[in-house]
Structures are given as C-alpha cells and as structure tokens.
Amino acid sequence: MDLSSAPLLYLGLTLAIYAIALEINRRTRGHPLANPVLLSVCGLIALLWLARVDYQNYFANVQLIHFLLGPATVALAVPLFRHRHKVRRAALPIIAGLICGSAAGVFTTVAICAAAGIDVTLKASLSTKSITAPVAMGIAEQIGGAPSLAAVFAVLTGMIGAAFGPWLLTKCGVRASLERGLAMGTTSHGQGTARILQESEEAGAFAGLSMGLTALGMAVLLPLLARLVL
Amino acid sequence: MIKGMATLLGFQLTGELAARLGHLPISGPICGMAALLVWLHLKGEVENELGKASDGILANMAILFVPVGVGAMSYASLFASAWLVIVSAIVIGAGATLLTTAFVTRTLIVWTARRVSDVEDQGRLPVSQ
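So the sequence lines, in the order shown, correspond to chains Z and F. Here the numbering used here is used: the first residue of the first sequence is 1, the next is one more, and so on. Here the numbering used here is used: the first residue of the second sequence is 1, the next is one more, and so on.
There could be a bad hint or two in this list.
As the list claims (entries may be wrong) - To give a feel for the contact side, a few chain F residues facing chain Z, derived at Cβ under 10 Å: (1) Thr7; (2) Leu8; (3) Leu24; (4) Met33; (5) Ala35; (6) Leu37; (7) Ala59; (8) Ala94.
What the hints assert, rightly or not - Footprint (simulated), chain F over chain Z, 3 or more residues, beta carbon under 8 Å: (9) 39–47; (10) 179–187; (11) 201–212.
Honestly, the hints are just simulated from the structure, not real lab data. All values reported here derive from a predicted model rather than from experimental measurement. From the three backbone atoms N, C-alpha and C, an ideal C-beta is built for every residue, glycine too.
Take these sequences, add in the hints, and give me the full structure.
Have a look at this one:
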C-alpha cells in the first residue's frame, strides 16, 4: 500500500495537528490568534508545501472529515429546537439584525473591492464570504464568481470571525448570548457557530439559526443585489 | 449514537432531495436542518439518541472546516498579488457584519421590551408574574 496517497496518513495527520492546535489553544487560555482551525490550516499548508503534496491529493484523502459537515449542519436544528421559545420571542429583532448585518458586510466588501479596482470574479467570490461554504459556492457561481475561491474566502472569514469575533463583541460591550450568537453565525457561519457553542449552548443555537437564515436569505437576495452593485 | 447519526443522515438526504427536486437555491444540509426542525416541532421533544449524536458532532464542528481551509494553498499566487484587498475585505466586512448584527438586534430588543412595558404600565395588559 502506498502510504503517501492513503487516507490513513492524511486523516491521522489532520487529527494530530488539530489536537496539537487545541492544546496550544488551551495553554494560551483561548488567545484569539491561537484559534484551532487557524493554527491547523497554517500548519497543514506548511507541511503539505514542504512535502510537495498537492491540495487535490490531500483533500481526496480527508473526504471523511469534510463529509461530516453535512450531518453537523443538520444537527444544528437540535440546539435551535431546545431554545425555540427565545427565538420566537425575539423573531423580529433577529430578522432585522440579520438583514442589516449581512447587507453591511456585502456593501463594505464591494466598496473595498471597487476602491481597489479588482475584477468581477474576485469581487463576486468575496461578496459571499459570510455565507456557509457549500451555499456560498452556489451563489458565487450564479453571480459570476469562482466556486472554489468562494469556499476558501468563506472559510477564511469563518476563521477570522471565530478567532477575533468573541473578543471584538466583548470589547464593544455585547454580552447577551442572543446577540453574540446571532452576530457570530451571521458573520462566520459554521465556524462562528462552532466557536460560540463553546461559550454556551444558547449562543450556539442562535448562531446556528442565523447561519441557516443568512444562507436562506442570501441565496434569494444576493443574486438580485449583485445586479445592482457588481 | 448510531441511531442518532442515522437520523441526521436521513434528514440530510431528505434535504438534498428537496433541494434538488425543488431546484432550490439552498444547500441540502440547510434544507435538512429545516426539515429536522419541523420534525422536532411535530414530535415536541429531542429523543436521547439524537440529542447525543448532535451534541457530539457539534462539540467538534470546528475541525470539519480544516479540509476546505487548507484549499487556500491552491490560490497562493492570487493571495500574493491581491492579499491587501482580500485581507481588508474579509476583516472589515466581517467586523461590519458582526457589529451591525449585534447592535441592530440589541436596539430592537430593548425597543420592543420598552413598548411592551409601556403598555403594561398603562394597565391594558395584565402583568404576568
């Protein structure tokens, strides 16, 4: 068996690096820069680059991890159901917050891209960055972006948001789990949800909700919006 | 655990089918999440097995994003030429979304709570204890 192209090697490597990243995160008492996903991605890219392994080969062998994203997304319905009463009570503020937040993100991104004069493919791929990766890929393609690039930007945004989001929210005096969860899910979709779930299950429920609603709303609205601003 | 995992996969499959057959612009897992939510609503409770499987997978959700994240290595030359735009768009865009969402929601919650308490003060609604 050729070990260099076997799932055993890459799955093992990915889990081991993630375990080390978790340990670093624990020892630095959750420092934003010591975000486990950020550390693992940097570590793996460095290793793969040194060993001259191309990404397609790596990705094909860690499909098992990637596959679990599907059931994990479905599982977000559980915390959401457990906190349904709170969601229902604040339905209107939640929806308004999501729409304003998503719009603010798209407009600042498009403005920065326009100021820098970059091409439409990059601009379109960046505008979907706050949508969960699988949905972002589809929308980006629809509005003239590149699906694989959109997925990378979505994950980078997830990483940045998960790393610095809770810190920024605390700095700005946002303490309630409803707003914290909602803001993290709208900005950093699944990764923001995974991060804020560590704070409380309630915040995680709101993050899962906002991730789902953002994906839903943006799938409908962004193609319309793109005609105006791209 | 197995039964719970099977339930999650079953709903993901339902979601994928709904998204494809209905030509919906949303991904299968998101549809699956909506379907599971409706199902839980009808049943009125989360059964033990499903709760365990969900809590287990959600506690470790972050690692699931590592494979796609490593994909950034395929775009090394793009990042080399446009890194400043990319980084500022991501950081500023994320900050804008984060704070706008939090503050708009907060303001509206405070505002609606005040309106409700105003109405209660006027004695039109019974004050619930």
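Legend entry - Non-conforming hints, listed in increasing numerical order: none
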